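Residue numbers (this note's numbering), protein chains in the order written: chain A, 27 to 302; chain B, 27 to 302.
Where hints are given, some of them may not hold.
Since the list can't tell identical chains apart, any single copy or any two copies may satisfy a pair.
To be verified - Below 20 Å or equal to it, Euclidean Cα-Cα: the simulated EDC-like pairs (lysine to aspartate or glutamate) are:
1. Lys146 <-> Glu110
2. Lys28 <-> Asp80
3. Lys146 <-> Asp91
4. Lys165 <-> Glu200
5. Lys117 <-> Glu281
6. Lys117 <-> Asp89
7. Lys135 <-> Asp145
8. Lys263 <-> Asp91
9. Lys165 <-> Asp72
Don't read these hints as lab results, they were simulated from the structure.
Keep in mind that this is a model prediction, so the values were computed, not measured.
Protein chains: 2
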Amino acid sequence: MKKQLIMEKALELFAKQGFEATSVQQITEHCGISKGAFYLSFKSKDELILALIDHFMMQFTSDIDYIVRGAIRDEDLLYEFYYETFHSFHKHSDFAKIIMKEQSQTLNKELILKTQYYDKLIENIILSMIERIYGDEVKETKYDLIYCIKGFMNIYSQLILFYNVPLDLKLLSESLVEKTNLLARHTTVPFISQELIQVFTQPMNEEVSKEQILEILEQKIDEIEEPIVKESVILLKQQLLEPTFSPAIVRGLLENIKNHPHCKWISYLLRRYFDY
Amino acid sequence: MKKQLIMEKALELFAKQGFEATSVQQITEHCGISKGAFYLSFKSKDELILALIDHFMMQFTSDIDYIVRGAIRDEDLLYEFYYETFHSFHKHSDFAKIIMKEQSQTLNKELILKTQYYDKLIENIILSMIERIYGDEVKETKYDLIYCIKGFMNIYSQLILFYNVPLDLKLLSESLVEKTNLLARHTTVPFISQELIQVFTQPMNEEVSKEQILEILEQKIDEIEEPIVKESVILLKQQLLEPTFSPAIVRGLLENIKNHPHCKWISYLLRRYFDY
DNA sequence: ATAATAATTGACTAATGAGTCATTTGTCAA
DNA sequence: TTGACAAATGACTCATTAGTCAATTATTAT
Chain A
27 MKKQLIMEKA LELFAKQGFE ATSVQQITEH CGISKGAFYL SFKSKDELIL ALIDHFMMQF
87 TSDIDYIVRG AIRDEDLLYE FYYETFHSFH KHSDFAKIIM KEQSQTLNKE LILKTQYYDK
147 LIENIILSMI ERIYGDEVKE TKYDLIYCIK GFMNIYSQLI LFYNVPLDLK LLSESLVEKT
207 NLLARHTTVP FISQELIQVF TQPMNEEVSK EQILEILEQK IDEIEEPIVK ESVILLKQQL
267 LEPTFSPAIV RGLLENIKNH PHCKWISYLL RRYFDY
Chain B
27 MKKQLIMEKA LELFAKQGFE ATSVQQITEH CGISKGAFYL SFKSKDELIL ALIDHFMMQF
87 TSDIDYIVRG AIRDEDLLYE FYYETFHSFH KHSDFAKIIM KEQSQTLNKE LILKTQYYDK
147 LIENIILSMI ERIYGDEVKE TKYDLIYCIK GFMNIYSQLI LFYNVPLDLK LLSESLVEKT
207 NLLARHTTVP FISQELIQVF TQPMNEEVSK EQILEILEQK IDEIEEPIVK ESVILLKQQL
267 LEPTFSPAIV RGLLENIKNH PHCKWISYLL RRYFDY
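Starting from the given sequences, assemble the full structure and let the hints guide the process.
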């Protein structure tokens, strides 16, 4: 099958030049095949990159998952996680480069969804890992910890991939284990709350419907004391049922409520709904 | 001047669709001007994005620098740094999105250099900040700390920009200050050494010359004890002076030395020189 | 050997985009 | 009002790209 060959060669070119900047012509030349042959294996250029992402992310995700599930001693788990992560990035550096470059930058809907999908999978693996290692210690700060770990993975990958620096995997993993332990054991001020994480757990897929927002609104109205905030929410509810106010007014009302503790969520939903 | 208008409108489109995916046609339509008019203000589409990057990065860099230099109490400095950073990202979210999307993904030489240039500036500002706050405490770990701070900035910006989550700047800054303090005060295992940082301080600009490598090689040869490693280095030196061995042999010799403590650097330089 | 089937080719189409330039429109001083 | 100069236009060129399909070549079965 030519599929394998095309994927390998395209990978090289995408890593070097990016997806958009690489033409099908270039790929087929690099493979020594004709342009038509490409379309025997893939329906389109888009299908190719989706296949590439699937191929590697399935591998990476399952490798990581295997490590996390299979680790015998909790103390070694984190080390093994980091080691496997960077080992994998290093081994498949061409692919890792593509993921870094293409993350969120293209406009292809399907590609974005796919990336988000795997991102979410990895987040869940990390979550189960830190719950296992730290248990209740990180109850309040676990989502922040996930993001810090992702931040480490991100920034140190950049170092490795784009500066291709001499790489001591053991040292890197040890170093990040220490950092992660510090954060896990001593962080007291979380930024990412349970409520907040829900926003992107089921992200911009489907819009939250008007009805859902209304329901939440009604629940909250009674909890609000401050008259200005309360009236603002009531007016926004009216606007939701029957748009009458100008954008400026709506925006102003949203400003009124955005800092009220009970209204963070509402404010967020409405901002999305009214498209600010 | 139309320049201002074009920059504003192009910014919106680039943030939404990316640079490559936005045509000059689209930009001019969005501005309500003709295609020709565009080229009265900018020599090319590339010049436009360079101008945008300069415009905002100059502002951001100088703002951050001002904060860091101007802070009165060291205890507040870090907080102010994070606050200003995320405040700025949030305020200029369209621009921040472009930077995130376009970072390293395009093939335009000048754009990459510009991005690297500002990146380096910001790194230096962070460095001077942590040296001021923590002093000798972070002597061994300061480069790692820079990268952790950059990692935080990166990953939390993504959260804010692409999920546009309700944003409590104060809480976020506080949260990151705590994390940074923890890392600064208790990290003992650095990954990024002084030596390593030199690699990307003056990155792939000019290749290290054969003569320079030879010089370093000669220095190190005497320090090496293990016979296999020593012989490998000597053979590699010969290869450097007069290429005789096949790629496989060279690669094998490099493998021999890559884990020897004295040879990390040499191995790196040679790998680059022989282009592995 | 021959026919049938499958794989492969590359010239071709249709679309798009960056950048140009002859022409038009607007401005303002005399 | 006129003419000289500047600003703006958009049809056009040229290059490039994704994707197609009639024609050719290779493979297999009989």
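* Asked: Which numbered hints does this structure break?
  -> 8 and 9
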